[in-house]
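Participant: So in our numbering, spot 40 of the sequence shown is number 252, and the numbers just go up one at a time.
Some hints could be false.
[Claimed, not checked] Within a straight-line C-alpha distance of at most 20 Å, the following computed SDA-like cross-link-like pairs (lysine to any residue) qualify:
1. Lys919 to Ala870
2. Lys527 to Ile545
3. Lys410 to Pro385
Just so you know, these hints were derived from the structure itself, not from any lab.
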Amino acid sequence: MTSSVDDVSSDETYDPRTVVDKWIQIWDSRGTFDVSSLTGGDEQADRRYVVSMFSYPSGDLHMGHAEVYSISDAMARFARMRGAETLFPVGWDSFGLPAENAAFKRDLDPRDWTYRNIETQADSFRRLGISFDWRTRLHTSDPEYYRWNQWLFLRLYECGLTYRADATVNWCPNDQTVLANEQVVQGRCERCGAQVIKRALTQWFFKITDYAQRLLDDMDQLAGWPPEILTMQRNWIGRSEGAYVDFAVDGRDEPVRVFTTRPDTLFGATFFVVAFDAPLAAELCAPDHKDQFEAYRAKAAGATEIERLATDRPKTGVFLGSYAINPLNGERIPVYAADYVLAGYGTGAVMAVPAHDQRDLDFARAMDLPVRTVIDTGEPEPSVTGVATDGAGVLVESDRFTGQSVADAQTAIIAELAERGVGAAAITYRLRDWLLSRQRYWGTPIPIIHCGACGEVPVPDDELPVRLPESGYQLRPDGGKPPLASAEDWVAVPCPRCAGPARRDTDTMDTFVDSSWYFLRYPNPDFTEGPFDPAGIARWLPVDEYIGGKEHATGHLLYARFLTKSLHDAGLLPFTEPFTRLTNQGQVLMDGKAMSKSLGNLVNLQDQIDQYGPDAVRITMIFAGPPEDDIDWADVSPHGAVKWLARIWRLADEIGSAATLAGDSAVAGAVRRSVHELIAKATELMTGKRLNVAIAQLMQLTNVLRKAVDTGPGAGDPAVREGVEALVRMVSCFAPFTAEEAWERLGHGPSVADAGWPVADLDLIAAATATCILQVDGKVRDRIEVAVDIDDDALRTLAMSSPGIAKALGGRAVANVIVRAPKLVNVVSQR
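Kindly generate the complete structure, drawing on both the sequences and the hints.
Facilitator: See below:
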């Protein structure tokens, strides 16, 4: 950390580590950070609900935790000191595969591993000075919490938003579970490194696609979100307008329907492509091509969807020995299986127009397939250049549509497709339904019972929660079964409808379900009549400020928006968006890379706190840059923060022990104006979440006050005391232990958190001085402080008495004096 304050030796008495326990005990005993009422209180009171994305208890807190919680704590403290009742809750996202794997390796129950780490993190949060209201504490692995996961699952099931279907999934053979796409890196499980395979499984889904358009439309409510996140979500949802087109295929009774955004290019389709892993590919494969197809499918199976969609990836495929028929011109075109088409996109099949789609063109060139230009865009021929032309123009080689513009041809072709019953106008989305099944133990059991006579039977509400078995299960059962399937005594139950023999569902829910609504329960985590207390919802929701990483843009943040909308539609919530404002923090790096044990660049948070104290670590994190920027710990150091905080500590000592003097001097007035100017600047910066620049203003205020003590008006002047007290109150948002101790040394009782944020005297600032630049022949020779309302004549007189002006003139006569009060005087000399 590079400080803007002078490089001075720290006071030997400064060591905030020695007062951590003292202030934790005082805060706890006084309930300093508890709101007056979680679910009631003054309806007219200003309220703020500040939430950090909750922690996963994989071990103790790390450097990334220190960053995000230092940022969110500063925001919560600022809101509280500005007079808002501020709810700042704490919880743990405590289910999930990492805990299950850790427990398996150590031969432990996942409960033991998880709750031990939670207590470790809870103690570290306290020692970092994070101002949580600890009454809100929740853990998603508590039966009292996951009961409501199950309840919400059943409500969406009743609304038709929960269903079970066959799906091709990423399967880790080592962890024996489904993986999301983002958990597969270069074809391997991100956690264990095993080669991921594709596997067909019957899975549970939430029908998020029903909300695709509303997720787009309601972004109008998210003016407080970073534009980058909204763009990521728009791209992920992927709204496309175009047409469905039905292609007959040799030997198949039903046509294959494809979606295209460019129906105007139908006459340019020269082949047909099916995703190699779609069931349709095997169906369309001719018998004498089965061996080639199976060999290709086995070879292509390891790639992730992200890799398959990469534009720079070589295109591969295999001819299936069948042909599709273009519905507009009757042309037979060959059918291929390839990996650049995804099974989950539409029917898993596309018409390929290589002249006007780059991926199709790359495939055509790799397979030596024809390229036919049907849109004249004025660009060079794609078959020659290898560059597809995807812009607007005029149709060519398109029979009766030749000569029409792209826009007119799209309308006409869609109309003809509809008239002939072989297509229709359509809107599609890239977004796919939320696959929530996981073949794990440490998660929320899915509350469905499977009965041979009754089919799927929801567990009655009065039998919730369906608790995880605490014995009789294996975390890694033989045969690739889910762990819960090994608990036979738990699985076998009577059907709730017919009382016949039945079996529980043995999948657990994706932990994104847990995190998609936890912020609704914080206001009353002990509520037993539903997943959340309506009084708490009315008082606090939606969240005013949500803080977390941008890596959650298309996962957690999208799921939370979906669940909020579905609960609104079910009459359970009065709003449709969960988070009013969103702040993303960057990563904490070391030598330009993410911290990792394997890279040997891991920085231990507790070591940093032991060496420098929690306040200096917090200051270093926040001062390093804007919240959204990455921090490279190799480029910063808490040494500068320690020195600055020591200066504040020493100022408090000197002011607290000085006798009060009368404060009427002009120098004291200038100090007071500077103090209030810096209060105003810091307040504006904190409001705009420019926390690092706010700290810079507090450093400048420290310099002003240090000079005032050393050179006048002195430590006993009321203006100096006012300034130091204001400094300590503002610093408490970033360095709470130092601020509390300094506040006590200034003679005040606990807590500085109750003292309020200082308010700038705007009248005093308005009457402040301005810095006037004095020039001779256009070159700066001096600067003077003048009243902002000084007139030209008075300013001219002051300027001409300046020693800097006299020295620069060197006895030369003055030809002219240009005055622009109060900012500039330029003296023009005679040559």
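Participant: Hint by hint, note whether the structure agrees.
Facilitator: Here's how the hints hold up against the structure:
Of the supplied pair hints, the one linking Lys919 and Ala870 holds, its CA atoms being roughly 16 Å apart against a limit of 20 Å. A threshold of 20 Å between alpha carbons decides the hint, and for Lys527 with Ile545 the separation of about 19 Å falls inside it, so the pair holds. Of the pairs offered as hints, the one joining Lys410 and Pro385 holds, with about 10 Å between alpha carbons and a cut-off of 20 Å not exceeded.
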